[in-house]
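Undergrad: Protein sequences appear in the order of chains A and B. Letter by letter, the first sequence follows residues 1 to 429 in the numbering used here. Letter by letter, the second sequence follows residues 1001 to 1126 in the numbering used here.
Just so you know, not all the hints are guaranteed correct.
Unchecked claim - Computed footprint of chain A on chain B; a stretch qualifies when at least three of its residues, placed anywhere within it, have a C-beta under 8 Å from a C-beta of chain A:
#1 1015 to 1025
#2 1099 to 1112
Stated by the list, open to error - Computed, partial: chain A to chain B, Cβ under 7 Å:
#3 146
#4 147
#5 150
#6 152
#7 173
#8 177
No lab work stands behind these hints, which were simulated from the structure alone. Just so it is clear, CB atoms sit at the ideal spot from N, CA and C, and this is done for glycine as well.
Residue strings, one per chain:
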Amino acid sequence: MPRDILTGTRIRERRTLRQMRQSQLAQAVGISASYLNLIEHNRRRIGGKLLLKIAEALGVEPSLLTEGAEATHLAELRETAAEATSRGAELDRVEEFAGRFPGWAGLVAEQHRRIRALEHSVDTLSDRLTHDPHLAAAMHEVLSTVTAIRSTASILAEDRNIAAEWRERFHRNLNEDAGRLAASSQALVAYLDRAEDAAAEAAAPQEEAERFLSARGFHLNELEEGAALNGAEDIESPAARHILDTHAARYAADAARMPLDAVRAALAETGGRPDPLALAARFGTDAATAMRRLAALPREVVGADLGLAISDASGALIFRRPVSGFALPRFGAACPLWPLFAAFGCAHVPVRQVLRQAGRDGGLFEAWAIALPVAAPQPNSAPLLEATMLLVPLRGPDPSPRAVGVGCRICPQGDCPGRREPSILAEGF
Amino acid sequence: MGGEMAKHVMLVEDEPNIIEAIRFILTRDGWRVDTHSDGQTAIDAIGAANPDLVILDVMLPGRSGYEILQELRERPATEGLPVLMLTARGQTKDRETAERIGASRFMTKPFSNAEMLEAVRDLARA
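Just chain A, with the same shape it has in the complex:
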């Protein structure tokens, strides 16, 4: 069910929350109660002045009625369902669920994030238990000492005729081993405590860094002015701090090459259209720098929120700036049809495509992508590439947008040459 036809559902929810009767709201906006009833049951489309009047009467922003707070949860809800297919979640009604119960939808999404973080911790700890040589050595020390104590104590307990010289020796050994066991046990506990902390820290550091950036709108004023990043000290995980520091260094370098005021002026000259190739030519930078720079600008400068995805050569998304209407998978692999990945096949050559994500009503996006080396070239060595993709919401129509997905499991496209695994969306098959 497309999101915009859930507007009525949201109006009903908001009206109920305000304890208004249907007739009261209808009277306030100058329509009949029966017509409002049709709207609230999504049987009449609504827009324009009437929507503005209803939003005003309900005391909410109109966008909250047309887009809903739930939009951000949809991709996560689909991912949640994808990982629990046996539960038979009604995927065809996911938007209705998120629209009618945004609080519950948010809770399910939050629980899903939490479960993924815990699974990550378990994997990290398992890896340590299996492969960590320090832990293996510590366990060996403890068990060897316990073995010596057990054998020695048994000898003393079971053999009452043991020679005095041996008895003394074994008592001395027991004393030594007891002290050694105490020390090695304490060291092991301390080590496991550190390992647990490290596992907690390792729980999706990329997400932690992206949450920090999202809260700042991905625009970092202090870096624009040449100062250091603020607030990173509040990030507890060293791994997330490292990601943020790396991002900040790149951001600062980009800002130095393409200062905010100069970019603002350049955009104004071109009617505000965010064209990364034109900007790259204007500032003498590469296209990836211009894409990152555009995605870091405030909405008022570029006229819209832009999305950005960066992939390393393995296809892993190492940076995501989400944009409404084009979901970027939080976990797992993305859609191989994205120009982000096509760019790897023609390094240094910019790719431009108009995209629409299948099964979504997020509209059209102009996608710009390019793959460039991340390090200086080495003799006789293939360059290590990184691909960058900028997503610009497209206002006008396009005759032949390319249909792409989010990731295979939640993509409805049935006949897709890039499909890795079946979709859980029935309409895809």
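Since chain A is already given, all that's left is putting chain B on it; use the hints.
TA: The following block gives chain B in isolation, referenced to the frame of chain A:
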């Protein structure tokens, strides 16, 4: 062990107090016990001692018990020598590794003295 010549066991282990305890219980049972603590030179020590049975710890300084066992099995003189492996890890894969390489028996630390004695006696009879 009656009037028979005492059987000879080589204990390759690096924990002195384990060595002392095992040496005591095996000696009391009539075994002649030699010990060695360095993984790097264990093969030569075993070859020189020519024991009836080897008790071999997995985690040794210099070289692991698995490597030593593998080399013992590759040498004609020791390919059939009974070897009791001792390890602090009781995971299935450790046991499988020991069996694959050719351990005669596998024992997880901490073991009881009775278990140790029974295992050694069983291997001597085999």
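Undergrad: None of the hints should be skipped; say for each whether it holds.
TA: Here is what the structure says about each hint:
no.	hint	in the structure
1	1015 to 1025	holds (count 8)
2	1099 to 1112	holds (count 4)
3	146	holds, 5 Å
4	147	holds, 4 Å
5	150	holds, 5 Å
6	152	holds, 5 Å
7	173	holds, 4 Å
8	177	holds, 6 Å
Every hint from the earlier list agrees with this structure, and none is contradicted.
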